[in-house]
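K.L.:
Between the sequences and the hints, there should be enough to build the whole structure, so can you do that?
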Amino acid sequence: MPARRIIPCLDVRDGRVVKGVRFEGHRDVGGIEEHTAYYVAQSADELVFYDISASPAGRTLDLDWIRRVARLIDIPFAVAGGIRTRDQAAACLEAGADKVSVNSPALERPALIEDLARDFGSQCVVVGVDSLRDEDGNYHVKQYTGDPTRSRAAGRRTLDWVREAAERGAGEIVLNCMSRDGVRSGYDLDHTRDVADAVTVPVIASGGAGAPAHFRDAFLAGASGALAATVFHDRLIAIPELKEFLARCGIDVRP
Amino acid sequence: MRLVCIDLGYGNLGSVAIAFERLGVVPEISGEPEVLRAADKLVLPGVGHAGYAMRQARARGLDRLVAELPQPLLGICLGMQLLFEHTEEEDTRGLGLLPGRVRKLQPAPERPVPHMGWSKLDVRDPSLGLASGDYVYFAHSYACDDGPATAASTDYGRTVPAVVRSGRLTGAQFHPERSGAAGARFLGAWLAA
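As given, the protein sequences belong to chains A and B, one line each in that order.
Take 1 as the starting number for the first sequence in my numbering and just add one per residue.
Take 256 as the starting number for the second sequence in my numbering and just add one per residue.
Honestly, the hints are just simulated from the structure, not real lab data.
The reader is advised that the hints may include incorrect statements.
Heads up, simulated SDA-like pairs for lysine to any residue below, C-alpha to C-alpha not over 20 Å straight-line [unchecked claim]:
no., chain 1, residue 1, chain 2, residue 2
1, B, K359, A, R248
2, B, K359, A, R118
3, B, K375, A, I251
4, B, K375, A, G250
5, B, K375, A, D252
6, B, K375, A, P240
7, B, K359, A, P240
8, B, K375, A, S43
9, B, K375, A, E244
10, B, K375, B, D410
11, B, K375, A, R118
12, B, K296, B, G443
13, B, K296, B, D410
14, B, K296, B, R310
15, B, K375, A, A247
16, B, K359, A, A117
17, B, K375, A, E167
18, B, K359, A, R168
19, B, K296, B, K375
20, B, K375, B, E365
21, B, K359, A, M1
22, B, K375, B, E340
23, B, K359, A, G169
24, B, K359, A, D252
25, B, K375, B, S396
26, B, K375, B, T405
27, B, K375, A, P255
28, B, K375, A, C249
To give an idea of the chain B side of the interface with chain A (calculated C-beta under 10 Å), a few residues [as the list claims (entries may be wrong)]:
no., residue
29, R277
30, D346
31, A386
32, Y390
Since we're looking at a predicted model, the values are computed, not measured.
All C-beta atoms in this analysis are idealised placements derived from N, C-alpha and C, irrespective of residue type, glycine included.
P.N.:
Following this line, the structure appears as structure tokens:
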């Protein structure tokens with residue numbers, strides 16, 4: 001395993017960084033450039049930008065801020081938001097993104113994953129999965145989660161979908177455990193472990209980080225990386241101190 | 256310094272070009288034979304898929320041209336893999352400038368594939384601008400075999416060459432353009448060599 005990755009996630013709407021709780025009630029937390037520069041200086045290992053307004057509105061993300069971010073940073077970053085076609089993904093990669101992340105459009109048309117992996121390689125193709133536990137204790141996939149008025153069940157079990165996504169060529173799975181989003185009670189460790197065991201590609205835990213121990217636990221559950229927003233945006237956890245803590249716990253991190 | 260990033264019509268040439276711009280050299284991005292011939296140094300970037308990239312190269316006649324040109328050439332990630340004779344990715348014949356084959360990484364518990372993230376280097380050649388213990392960013396599912404050209408490596412179930420060097424050819428399996436300060440040191444040393 002490479003060093004475990006700490007991945008701040010920036011939700012972007014109309015070119016600004018926003019943050020919600022359980023995918024709703026987004027508030028403006030600043031400009032993209034200032035956040036990006038801050039996280040690079042903080043020794044973040046990678047950044048993810050989700051254009052949360054793009055997919056529900058049926059449009060793709062705009063390339064202008066991707067070009068600005070690409071120029072600003074020397075660590076990898078992924079972009080997500082309404083990428084529906086090979087050409088849209090190509091435009092994002094040409095603008096300087098290292099990976100594209102697909103979620104709702106891959107559920108609409110799973111062959112999209114193959115289209116992207118065939119031309120750009122699996123290492124460029126991230127599949128984001130918004131997973132929610134139902135009353136029976138089973139995890140299902142949700143779609144269009146960026147817009148509370150359109151969010152709905154995708155009609156798939158999470159473990160089935162991540163296996164299918166990996167078989168179709170996904171190079172990484174970002175597992176968003178929706179019930180944990182923004183609430184800082186810890187990652188859903190059992191679900192993260194089940195997903196990491198179900199596929200041979202890297203799995204990134206997402207949703208619920210509130211304390212340094214939560215990151216450690218996600219890595220012990222098999223996550224290659226841990227994604228978080230609230231604790232970083234609100235300056236509740238500083239990444240250098242988080243990495244020192246993880247190193248003391250015996251977890252390999254990049255200084 | 257006339258630096259040219261070879262445009263095969265795929266992948267993110269932009270981030271590689273920007274990494275060189277940070278070092279004070281603005282590369283041209285071109286697939287035109289006369290531009291490549293006039294370069295002082297060449298970069299073959301690469302994210303993408305080997306079969307697709309080689310089809311693009313052949314369609315543009317760039318496979319033969321890149322083999323003939325005498326200038327120093329740096330292949331990055333897929334661009335490094337294409338320097339070899341063959342890659343298992345879609346059973347693709349490479350440029351054949353370096354002996355050997357590129358094989359798929361085998362996943363194992365705690366070792367997912369793609370090999371994605373920051374891995375620690377073991378550096379054999381001190382002139383690379385890299386030091387043992389540096390973390391650099393990898394994102395790949397295939398890797399060449401360890402051999403005499405290996406100048407730096409990492410361990411991923413087998414020894415994975417991170418940098419190969421042979422005559423005018425340098426290959427980086429990692430992404431120097433996305434490897435922070437270590438990546439910049441590596442690119443700076445290659446430019447200065």
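K.L.:
For each hint, tell me whether it holds in the structure or not.
P.N.:
We went through each hint and held it up to the structure:
| no. | hint | verdict |
| --- | --- | --- |
| 1 | K359/B <-> R248/A | violated, 34 Å |
| 2 | K359/B <-> R118/A | holds, 15 Å |
| 3 | K375/B <-> I251/A | holds, 14 Å |
| 4 | K375/B <-> G250/A | holds, 15 Å |
| 5 | K375/B <-> D252/A | holds, 10 Å |
| 6 | K375/B <-> P240/A | holds, 18 Å |
| 7 | K359/B <-> P240/A | violated, 34 Å |
| 8 | K375/B <-> S43/A | holds, 16 Å |
| 9 | K375/B <-> E244/A | holds, 17 Å |
| 10 | K375/B <-> D410/B | holds, 8 Å |
| 11 | K375/B <-> R118/A | violated, 29 Å |
| 12 | K296/B <-> G443/B | holds, 13 Å |
| 13 | K296/B <-> D410/B | violated, 30 Å |
| 14 | K296/B <-> R310/B | violated, 23 Å |
| 15 | K375/B <-> A247/A | holds, 14 Å |
| 16 | K359/B <-> A117/A | holds, 15 Å |
| 17 | K375/B <-> E167/A | violated, 29 Å |
| 18 | K359/B <-> R168/A | holds, 17 Å |
| 19 | K296/B <-> K375/B | violated, 28 Å |
| 20 | K375/B <-> E365/B | holds, 16 Å |
| 21 | K359/B <-> M1/A | holds, 16 Å |
| 22 | K375/B <-> E340/B | violated, 27 Å |
| 23 | K359/B <-> G169/A | holds, 14 Å |
| 24 | K359/B <-> D252/A | violated, 24 Å |
| 25 | K375/B <-> S396/B | holds, 17 Å |
| 26 | K375/B <-> T405/B | holds, 15 Å |
| 27 | K375/B <-> P255/A | holds, 11 Å |
| 28 | K375/B <-> C249/A | holds, 18 Å |
| 29 | R277 | holds, 7 Å |
| 30 | D346 | violated, 14 Å |
| 31 | A386 | violated, 13 Å |
| 32 | Y390 | holds, 4 Å |
When each numbered hint is compared with the structure, violations occur for hints 1, 7, 11, 13, 14, 17, 19, 22, 24, 30 and 31.
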